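Could you put the whole structure together from the sequences, leaning on the hints where they help?
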Amino acid sequence: MNNKVQSVLALDELVFDEIEFKRLDFKNDNELQLSFGAKISENKEDKNKYVTTVEIKGKKEKEYTFAVRLSGYFSVNGDNIDNDKKRHLLESNSIAILMPYLRSQISTLTAQPNMDCVVLPVFNVSELLKQSGIGNEDE
337 MNNKVQSVLA LDELVFDEIE FKRLDFKNDN ELQLSFGAKI SENKEDKNKY VTTVEIKGKK
397 EKEYTFAVRL SGYFSVNGDN IDNDKKRHLL ESNSIAILMP YLRSQISTLT AQPNMDCVVL
457 PVFNVSELLK QSGIGNEDE
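The sequence shown begins at 337 in the working numbering and counts up one residue at a time.
Accuracy of the hints is not assured; some may be wrong.
Below, computed lysine-lysine pairings styled on DSBU-like, alpha-carbon distance capped at 30 Å [as the list claims (entries may be wrong)]: (1) Lys375 to Lys422; (2) Lys383 to Lys422; (3) Lys358 to Lys383; (4) Lys363 to Lys375; (5) Lys395 to Lys363; (6) Lys380 to Lys422; (7) Lys358 to Lys380; (8) Lys422 to Lys393; (9) Lys358 to Lys395; (10) Lys385 to Lys422; (11) Lys358 to Lys385.
By construction, these hints were calculated from the structure, which means they are not laboratory data. Note that the coordinates shown come from a computational prediction; the quantities given were computed from them, not determined experimentally.
Shown next as structure tokens:
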């Protein structure tokens, strides 16, 4: 059997839109605070192309702050997929596809002398979507 299984969702391009790190002071025992944001936008010229942008900001009081924003350019390839199914496919998969890249970049960014490297946990993407309001917005 030489049947190829192909997803209708394809990651076409991946770019880091913003990478920022500010050192404020020396290593301390303060807790790292994280905030998450995500947005899915449809390409106005091609209704099968979408951009998913994910951002994580971190702040460790009196030590450092960081912000990393990543955009994935996706296409949905399928003749009989309505807009609701496309939206669900993007909401449930595009952020999960981008998270390992974001996680790796944050670890690389925080692997500095005299500080603890940040290794983000695996996130519950469904919960992040709820917090970002993605599943509820109409575009």
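So which of those numbered hints doesn't the model satisfy?
-> Numbers 3, 4, 7, 11, in rising order.
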